[in-house]
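Chemist: For the sequence shown, position 45 (counting from the first letter as 1) is numbered 52 according to the working numbering, and the numbering increases by one without interruption.
Hints are computed from structural coordinates only; laboratory data are not their basis. It should be emphasised that the depicted structure is a prediction, and the values quoted were computed from it without experimental measurement. There's no promise every hint is true.
[Stated by the list, open to error] Here are the computed distance ranges between Cβ atoms for each label pair:
| hint | residue 1 | residue 2 | range |
| --- | --- | --- | --- |
| 1 | Gly-128 | Gln-86 | 27 to 37 angstroms |
| 2 | Thr-85 | Trp-115 | 13 to 23 angstroms |
| 3 | Gly-144 | Gly-65 | 17 to 27 angstroms |
| 4 | Ser-102 | Ala-157 | 13 to 23 angstroms |
| 5 | Ala-141 | Pro-112 | 13 to 23 angstroms |
| 6 | Gly-128 | Gly-52 | 41 to 51 angstroms |
| 7 | Gly-129 | Gly-52 | 33 to 43 angstroms |
| 8 | Gly-144 | Val-99 | 26 to 36 angstroms |
| 9 | Gly-52 | Ala-157 | 38 to 48 angstroms |
Even for Gly, the Cβ is constructed at its ideal location relative to N, Cα and C.
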Amino acid sequence: MGTKRLNKLGAIATVAAATVTFLATASPAQAGKPSGGGKPSGGGGSTSSLQLVVLTGGDSVPNWGEDVTFNVSTTATTQPYVDLVCSQGGTVVYSATSGFFPSYPWPWTQTMNLASQSWTGGSAACTGTLYMFAGKGKTVLATLPFTAAA
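Kindly generate the complete structure, drawing on both the sequences and the hints.
Modeler: As structure tokens, this is what we get:
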């Protein structure tokens, strides 16, 4: 098998592991709780889910340079947001935020391209975070870690 094929197989395994992690993170019992623990303001008893959707490329594996978005579902708020942060070797190389609700004024930002001036290639560790604004801060509803392959 070629190196590229092995890298894609490794990425598939990583996405599968991220999905398992996501299911554990966003289970109905935990969905309303911030990832740091504690009870959210306004989000108690809610259910939330965050699913990665790969829009471009030849498969459903997120790769550098491809477009992604998220399927978002929550009963905690009518105005959910998603932050996506990707890092290489501990250095943030990509960051994006978008609202995932009908009245959000910049809906095109819901499509996120896995590349930046700082991220010119290679794989990166990424985390999507579903949250809502509550009072003067944010309440995390779900997180989804995944690897974007090279």
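Chemist: Each hint: holds or not?
Modeler: Now the hints, each set against the structure:
no. : hint                                   : result
1   : Gly-128 to Gln-86: 27 to 37 angstroms  : 35 angstroms, holds
2   : Thr-85 to Trp-115: 13 to 23 angstroms  : 21 angstroms, holds
3   : Gly-144 to Gly-65: 17 to 27 angstroms  : 41 angstroms, violated
4   : Ser-102 to Ala-157: 13 to 23 angstroms : 19 angstroms, holds
5   : Ala-141 to Pro-112: 13 to 23 angstroms : 21 angstroms, holds
6   : Gly-128 to Gly-52: 41 to 51 angstroms  : 44 angstroms, holds
7   : Gly-129 to Gly-52: 33 to 43 angstroms  : 41 angstroms, holds
8   : Gly-144 to Val-99: 26 to 36 angstroms  : 21 angstroms, violated
9   : Gly-52 to Ala-157: 38 to 48 angstroms  : 41 angstroms, holds
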